[in-house]
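Chain H is already provided as a structure; the job is to place chain G on it using the hints.
As you go down the protein sequences, you meet chains H and G in turn.
The numbering of the first sequence is our numbering, which starts it at 1 and goes up by one.
The numbering of the second sequence is our numbering, which starts it at 1 and goes up by one.
Don't read these hints as lab results, they were simulated from the structure.
One or more of the hints may lead you astray.
[To be verified] With a cut-off of at most 25 Å between alpha-carbon atoms, the simulated DMTMM-like pairs for lysine to aspartate or glutamate come out as follows: (1) 125(G) x 126(H); (2) 167(H) x 120(G); (3) 162(H) x 120(G).
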Amino acid sequence: MELIEAGQGKLIQYPDMNEFREWNRKKSKVLVDKRMTEAEAVRRFIHDGAYIGTELYGTVRCPMSLVNEIVRQGVKDLRIAGQGVFELDMLLGASLVKELDLTYIGLEVYGVSNCLRREVESGRIETCVEWSNAGIAWRFKAAAMGVPFIPVRSMLGTDTLKYSAAKVVECPFTGEKICLLPALILDVGMIHVHRADIYGNAQIDGISGFALEMARASKTLIISTEKIVPTDEFRNHPDRTIIPYYLVDAVIEAPFGSHPGEMCYQYVRDEQQIKEWVQASADPQTTRAYLDKYIYGVNDHGEYLDLIGMERLQQLQHVAKGASYDESGI
Amino acid sequence: MSPASDSYNPSELLICTASRLMKDNTTAFIGTGIPMLAASLAQRMHAPNLVTIFEFGGTGAILEQLPLAVGGENTFHRALAASGICDVVETAQRGFVEYGFLGGAQIDAYGNLNSTVIGDHQHPKVRLPGSGGANDVGSNCWQTIAIMRHDKRRFLEKIDFITTPGYLSGAGAREAAGLPPGTGPYRVVTNLAVCGFDDVSKRMLLLATQPGVSVQEVLDNTGFELLVSSHVEENLPPSAEELHILREEVDKDRLYI
Numbered sequence: 001m002e003l004i005e006a007g008q009g010k011l012i013q014y015p016d017m018n019e020f021r022e023w024n025r026k027k028s029k030v031l032v033d034k035r036m037t038e039a040e041a042v043r044r045f046i047h048d049g050a051y052i053g054t055e056l057y058g059t060v061r062c063p064m065s066l067v068n069e070i071v072r073q074g075v076k077d078l079r080i081a082g083q084g085v086f087e088l089d090m091l092l093g094a095s096l097v098k099e100l101d102l103t104y105i106g107l108e109v110y111g112v113s114n115c116l117r118r119e120v121e122s123g124r125i126e127t128c129v130e131w132s133n134a135g136i137a138w139r140f141k142a143a144a145m146g147v148p149f150i151p152v153r154s155m156l157g158t159d160t161l162k163y164s165a166a167k168v169v170e171c172p173f174t175g176e177k178i179c180l181l182p183a184l185i186l187d188v189g190m191i192h193v194h195r196a197d198i199y200g201n202a203q204i205d206g207i208s209g210f211a212l213e214m215a216r217a218s219k220t221l222i223i224s225t226e227k228i229v230p231t232d233e234f235r236n237h238p239d240r241t242i243i244p245y246y247l248v249d250a251v252i253e254a255p256f257g258s259h260p261g262e263m264c265y266q267y268v269r270d271e272q273q274i275k276e277w278v279q280a281s282a283d284p285q286t287t288r289a290y291l292d293k294y295i296y297g298v299n300d301h302g303e304y305l306d307l308i309g310m311e312r313l314q315q316l317q318h319v320a321k322g323a324s325y326d327e328s329g330i
Numbered sequence: 001m002s003p004a005s006d007s008y009n010p011s012e013l014l015i016c017t018a019s020r021l022m023k024d025n026t027t028a029f030i031g032t033g034i035p036m037l038a039a040s041l042a043q044r045m046h047a048p049n050l051v052t053i054f055e056f057g058g059t060g061a062i063l064e065q066l067p068l069a070v071g072g073e074n075t076f077h078r079a080l081a082a083s084g085i086c087d088v089v090e091t092a093q094r095g096f097v098e099y100g101f102l103g104g105a106q107i108d109a110y111g112n113l114n115s116t117v118i119g120d121h122q123h124p125k126v127r128l129p130g131s132g133g134a135n136d137v138g139s140n141c142w143q144t145i146a147i148m149r150h151d152k153r154r155f156l157e158k159i160d161f162i163t164t165p166g167y168l169s170g171a172g173a174r175e176a177a178g179l180p181p182g183t184g185p186y187r188v189v190t191n192l193a194v195c196g197f198d199d200v201s202k203r204m205l206l207l208a209t210q211p212g213v214s215v216q217e218v219l220d221n222t223g224f225e226l227l228v229s230s231h232v233e234e235n236l237p238p239s240a241e242e243l244h245i246l247r248e249e250v251d252k253d254r255l256y257i
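Isolated chain H, as found in the complex (with noise of 0.2 Å):
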């Protein structure tokens, strides 16, 4: 194939597939009882430099009780796949970031993150690269189908590219010019799910977002789920398993682990907490105050739901089941 046009973004992950199966073939597929807090799961596999990411977007079924674990222990030197609201603002909001994979950061109906302004803007992030995000979602289905590199017609022509590790080759079969991304392994992964069994089994309700193809993209995987659900209802319903155990080393029992963000059929996001935030990240000593208050400042999920109080969760709980808001007195 000839080579037309390489981006000049840094490659961050190398897509090492071989090695990627020498990890698969090692990973435990004994069906064993992996459930731990957050800050074992953190403790044990995330560490300073690794390359992280999650799913799916910080106000939709987001491991935030995981983010913010991650935010409490410090691990710095992260790098990102880059596609994300609240979760990623957070690890932002504390410098915790050294290269960015970067689709989307932003806080969507309240515009730019202000974090990320920061950040980049100060150069305290040392590498932008740019995706689209079915770029991105591709690159972690490359990996999931253990190829190095997927062709796609998303990215050409644009800065988009030029700025992106993407590669523009001729197709050997048409002679058209195609987009080759490559695949991206993360070191962990983190994925928010509505019931898990104790091995790690998972569903999730209403859309998928890129849940499937990171899940299968991630070396570790660990998950958070607003339910333990014991095997039998996997067993019942085998086509309703999105992850498999085996994909997975940690499950955590978070429920309304995506506050403030929404976790569909549950509950709604939280729109108070997430103005709070908004209005607090504009500026670096009201984003240090926010997240005193809500992460370094309490000791893990438990104490964070007792301050947010279960008045206001079952509102939100409340609302997702029908209630109007202003029903629901938030």
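Frame of chain H; chain G shown alone:
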């Protein structure tokens, strides 16, 4: 169309203008913000079978409540399918998605969009969120519609970064870059005008002005040489019915308007 209302704000005008471009029984990629409101309005007005597609997997939602996130539950409320990002973008890559709605901080005469950086990429003056799904939509949907505020800081001869492809450097450039043939920008909807693109040069072409806006005003607020159609129309203002539905049903909590 029912009689025009005399009072509306710029957001309402953008939403109503974009909504009228959404056709019944078509597929449209919808992003957060104005496109969502426009799609919800269109479903209640003239396009009940508009198939909305949200990038994290929602297909065919009925937009009774406004989503606040592109992965939120309302993006697959009473939908036809809830899948994932690869499935929906691959659906566009296979040619199933007619329209894609986009926004950006900057746009040029060929409809290229910037949502990545203001200034130099290595040392940006402003770091913006990045492509997100925009590049995928702009690459793979048949026709894209950009929704923008219209001023000289946003409508530039040369934008700082091409995040999302329009017609790139002009006629034939998309195909030469390897993008799917026959795709590209269709309309640019702004608070001052609706623009299309010249068939030959692929440069932006003024098609219609918004109510009370002159052609000169549009040109004065555009930072590149804007082509002008031989017959520039004036858009009808939002109708009383559109505004009523928008205010009382689509966004009754006034989250956006």
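Checked hints:
1. 125(G) x 126(H): holds (16 Å)
2. 167(H) x 120(G): Holds, at roughly 22 Å.
3. 162(H) x 120(G): OK: residue 162(H) and residue 120(G) at ~13 Å, within 25 Å.
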